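Protein chains: 2
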Amino acid sequence: MKNIDLIIYARWVVPVRPREEVLENMGVVVNKGKIVCLLPRQECERCYTAGEVVERPHGVLIPGLINAHTHASMSLLRGYADDLPLMKWLSEYIWPAEAKWVDERFVEFGAELAILEMIKGGTTCFNDMYFFPDVVARVAKNSGIRASVGMIVIDFPTVWAQNSDEYLDKGMAVHDAYRHESRISTTFAPHAPYTVSDAPLERIRMFADELDVQIHMHMHETEHEVEESLAQYGVRPLERLDRLGLLTPRLQAIHLTQLLPGEIETLAGRGVHAVHCPQSNMKLASGVSPVSAMREAGIPLAIGTDGASSNNDLDMFGEMQSAALMAKHDTLNAEALPAFDALEAATLGGARALAIDSITGSIEPGKAADLVCVDLKQAASWPVYHPVAQLVYAVARDQVGDVWVEGECLLKEGLPCKMNEDYILDAAQEIASRIAAGE
Amino acid sequence: MKNIDLIIYARWVVPVRPREEVLENMGVVVNKGKIVCLLPRQECERCYTAGEVVERPHGVLIPGLINAHTHASMSLLRGYADDLPLMKWLSEYIWPAEAKWVDERFVEFGAELAILEMIKGGTTCFNDMYFFPDVVARVAKNSGIRASVGMIVIDFPTVWAQNSDEYLDKGMAVHDAYRHESRISTTFAPHAPYTVSDAPLERIRMFADELDVQIHMHMHETEHEVEESLAQYGVRPLERLDRLGLLTPRLQAIHLTQLLPGEIETLAGRGVHAVHCPQSNMKLASGVSPVSAMREAGIPLAIGTDGASSNNDLDMFGEMQSAALMAKHDTLNAEALPAFDALEAATLGGARALAIDSITGSIEPGKAADLVCVDLKQAASWPVYHPVAQLVYAVARDQVGDVWVEGECLLKEGLPCKMNEDYILDAAQEIASRIAAGE
Chain G
121 MKNIDLIIYA RWVVPVRPRE EVLENMGVVV NKGKIVCLLP RQECERCYTA
171 GEVVERPHGV LIPGLINAHT HASMSLLRGY ADDLPLMKWL SEYIWPAEAK
221 WVDERFVEFG AELAILEMIK GGTTCFNDMY FFPDVVARVA KNSGIRASVG
271 MIVIDFPTVW AQNSDEYLDK GMAVHDAYRH ESRISTTFAP HAPYTVSDAP
321 LERIRMFADE LDVQIHMHMH ETEHEVEESL AQYGVRPLER LDRLGLLTPR
371 LQAIHLTQLL PGEIETLAGR GVHAVHCPQS NMKLASGVSP VSAMREAGIP
421 LAIGTDGASS NNDLDMFGEM QSAALMAKHD TLNAEALPAF DALEAATLGG
471 ARALAIDSIT GSIEPGKAAD LVCVDLKQAA SWPVYHPVAQ LVYAVARDQV
521 GDVWVEGECL LKEGLPCKMN EDYILDAAQE IASRIAAGE
Chain C
121 MKNIDLIIYA RWVVPVRPRE EVLENMGVVV NKGKIVCLLP RQECERCYTA
171 GEVVERPHGV LIPGLINAHT HASMSLLRGY ADDLPLMKWL SEYIWPAEAK
221 WVDERFVEFG AELAILEMIK GGTTCFNDMY FFPDVVARVA KNSGIRASVG
271 MIVIDFPTVW AQNSDEYLDK GMAVHDAYRH ESRISTTFAP HAPYTVSDAP
321 LERIRMFADE LDVQIHMHMH ETEHEVEESL AQYGVRPLER LDRLGLLTPR
371 LQAIHLTQLL PGEIETLAGR GVHAVHCPQS NMKLASGVSP VSAMREAGIP
421 LAIGTDGASS NNDLDMFGEM QSAALMAKHD TLNAEALPAF DALEAATLGG
471 ARALAIDSIT GSIEPGKAAD LVCVDLKQAA SWPVYHPVAQ LVYAVARDQV
521 GDVWVEGECL LKEGLPCKMN EDYILDAAQE IASRIAAGE
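First to last, the sequence lines map onto chains G and C.
So the mapping is simple: the working numbering equals the position in the first sequence, first residue as 1, plus 120.
So the mapping is simple: the working numbering equals the position in the second sequence, first residue as 1, plus 120.
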């Protein structure tokens with residue numbers, strides 16, 4: 121008998137790798153933050169004594185969901201401006217509000233609120249792009265969630281930095297401060313082709329190679345962006361980035377709603393990761409991201425919620441469902457993006473985009489115990505024929521019961537273990553009330 | 121001081137009529153199942169003593185949601201077959217399973233499960249089409265929910281009836297048995313143009329006028345349906361139904377994913393109700409329902425989930441969100457179907473389609489107290505700028521705390537008052553397990 125930290129017995133385990141596998145009545149053995157093995161119950165009981173045994177007779181255990189694109193602190197602007205097109209929404213509402221209101225405190229409480237929401241909804245890792253990444257990294261670290269924090273770069277001055285040198289310097293200081301943290305990583309996050317000029321993009325490409333980090337960037341989100349690039353640079357944004365050497369497996373290309381067939385081939389050839397944000401694309405009427413065609417071309421797919429002010433939640437269950445439904449709708453093919461593929465994009469696909477798939481994204485021995493248990497025995501997701509179909513087409517976020525990151529329990533039977541929910545919600549409303557009053 | 125049954129004090133009240141109104145800190149006064157008035161708290165306290173006072177300091181009170189198209193008992197086939205196109209899904213999976221498995225017990229427990237799910241999700245009324253409407257009506261009556269039960273008619277024999285005469289006779293017996301029940305109404309439910317021939321449709325039109333009931337019918341759901349009609353009848357289904365005199369304000373036209381501009385004009389001119397099922401249309405890749413164009417033409421809009429096996433839940437919050445997002449996506453116009461309009465379609469629009477808008481669908485004095493209170497103070501829907509945006513873009517079904525129908529409490533702080541949840545879930549799984557085993 122070997123003594124280990126934790127055994128989780130769930131009715132079903134969907135490890136994501138091997139593909140489409142559904143295990144029943146298995147134990148997942150966890151020790152020192154890592155998955156040791158998956159074994160039938162009898163074998164588990166014969167081989168291990170555990171510090172904690174968790175029994176979930178109606179639960180399905182999955183790898184933690186990875187939200188591959190968000191702006192966590194924008195949770196404080198949830199519902200601030202809706203039913204508007206992207207450029208009007210950005211330039212008349214969001215950017216002025218951010219200019220007036222975003223400071224360290226805003227980012228801190230916005231990140232707290234977003235992380236609380238994500239943990240409660242089964243997200244164990246998020247890929248962030250926002251101002252004050254130092255604050256986001258600190259809040260994430262304290263919460264226990266895994267995060268990839270964007271070193272944002274944008275041509276114009278903001279409360280975070282005045283010019284691209286300062287953005288890069290301050291970003292790299294965050295990278296340096298957190299480079300030994302197992303759960304916090306950093307990416308370069310040049311905002312978008314239309315907000316970052318060539319010189320900083322070239323520096324980012326060089327630094328990304330030197331530091332071995334990913335690059336997180338909005339790309340081909342709107343027709344307007346493409347037109348503007350044609351006018352300013354004479355080429356579409358994708359071609360411009362290709363000339364700058366940015367189309368590599370380091371690139372997380374967010375949105376991709378405006379793609380020509382040849383551009384799909386280029387992205388596939390370069391190994392770029394596509395991050396699909398279906399609800400945000402629908403809400404802002406940004407266009408159709410050709411998810412099925414991208415997958416057929418071999419482009420790896422991840423899923424993100426985008427920020428809460430264009431969604432308006434950070435719910436990866438809703439996002440998986442929307443991705444699976446929208447792919448069918450857009451192609452008029454009901455077989456497009458089947459349930460398993462949506463789940464894979466929301467787990468292992470995200471890990472690959474973040475270049476952390478050697479440590480998370482599936483339930484495999486040796487990987488970190490980033491695990492989520494979902495209770496299927498509720499009226500809206502019962503009875504069960506295929507647990508994966510339930511996860512994508514019927515489960516809602518509140519059915520997440522338990523969440524572990526590196527084996528640390530962050531949510532137990534629906535209750536946060538480390539975060540003070542009342543305090544966070546009250547602080548969020550206090551900030552929002554001041555914003556609403558225009559104080 | 122007048123003594124009445126119930127006062128509900130919610131932080132916000134969205135009565136739906138007047139349009140876009142959001143009331144704060146009001147009391148909704150209920151007596152003998154009806155809404156008496158909406159008054160500021162102080163006035164309420166001065167004028168009324170109540171048998172029960174409900175305080176919801178973070179709640180938004182809305183009219184109960186109306187699911188304008190479902191097949192309740194198909195909840196037992198939730199997740200039975202997914203990621204398939206409509207005709208393959210129907211003819212190779214659903215119809216054979218129904219032929220083998222549907223009996224009174226299936227319909228009874230399927231309806232129990234569906235009604236439990238709907239009540240927990242804030243739906244106070246559903247418009248059903250399925251076999252054994254007598255069983256559905258009985259289960260609905262016992263549960264306390266409001267229901268419109270379809271007197272199904274289909275050309276081919278099923279376990280419910282052998283021919284159109286028998287369908288009509290058995291349906292009308294249900295109508296007769298429930299005609300004095302305030303919460304149960306009936307509609308004629310000819311399945312679809314491709315499954316019901318002219319003679320029964322002509323009889324249905326005549327009987328509907330005589331009995332003064334609505335007609336509930338799938339219509340222009342797929343391109344295949346339109347092509348088949350052209351081949352068989354020489355005209356598109358809509359024109360055929362128009363010639364048969366069925367295009368009137370009695371008609372609830374479900375789906376409408378295949379419409380020519382002239383057909384939109386025809387539907388508007390005839391006063392037909394459109395029932396939009398966005399998630400089902402996406403999942404089955406049925407096509408684009410031109411919701412914005414229909415609304416501009418003046419066609420009244422309702423929203424339905426369709427059955428749980430093509431959705432896969434009966435969640436009207438998810439459906440409102442999908443309707444609002446999909447309308448923007450399909451038109452590339454982020455202002456299409458704004459949040460309030462989605463909420464209106466899911467409440468008053470449903471009541472109009474069911475011809476019960478004089479008694480429900482909005483919070484107005486004299487209407488039935490069909491009310492739902494939603495808790496907004498949860499991480500995913502907080503802070504609040506505009507409660508209606510939260511309801512459509514951020515709330516999930518589990519935030520429904522309280523549900524009343526005709527003033528009777530069916531859900532209190534998330535717990536069903538009249539239904540035995542464990543018993544229903546266990547019975548559902550027992551039936552599903554036999555189906556999965558092919559016994």
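Keep in mind that the hints were calculated from the coordinates and are not lab data.
Don't take every hint at face value.
[Unchecked claim] Calculated pairs, BS3-like style, for lysine-lysine (alpha carbon to alpha carbon, straight line, at most 25 Å): (1) Lys261(C) - Lys208(C); (2) Lys208(C) - Lys497(G); (3) Lys497(G) - Lys538(C); (4) Lys220(G) - Lys154(G); (5) Lys538(G) - Lys538(C); (6) Lys497(C) - Lys532(G); (7) Lys220(G) - Lys208(G).
A quick note: this is a predicted structure, and the numbers were derived from the prediction, not measured.
To see whether the hints hold, each was checked on the structure:
Straight-line distance between C-alpha atoms of Lys261(C) and Lys208(C) comes to about 35 Å, which puts the hinted pair past the 25 Å bound. Of the supplied pair hints, the one linking Lys208(C) and Lys497(G) is violated, its CA atoms being roughly 29 Å apart against a limit of 25 Å. For a cut-off of 25 Å, the pair hint linking Lys497(G) to Lys538(C) stands: about 19 Å separates their Cα positions. In summary, the hint linking Lys220(G) to Lys154(G) is not supported, as the alpha carbons are separated by about 44 Å, beyond the 25 Å threshold.
Restraint check: the Cα-Cα separation between Lys538(G) and Lys538(C) comes to about 36 Å, which exceeds 25 Å; the hinted pair is violated. Under the criterion of a C-alpha separation no larger than 25 Å, the hint pairing Lys497(C) with Lys532(G) is consistent with the structure, at around 20 Å. Our distance criterion of 25 Å between C-alpha atoms is met by Lys220(G) and Lys208(G), whose separation comes to about 17 Å.
Violated hints for the displayed structure, listed by number in ascending order: 1, 2, 4 and 5.
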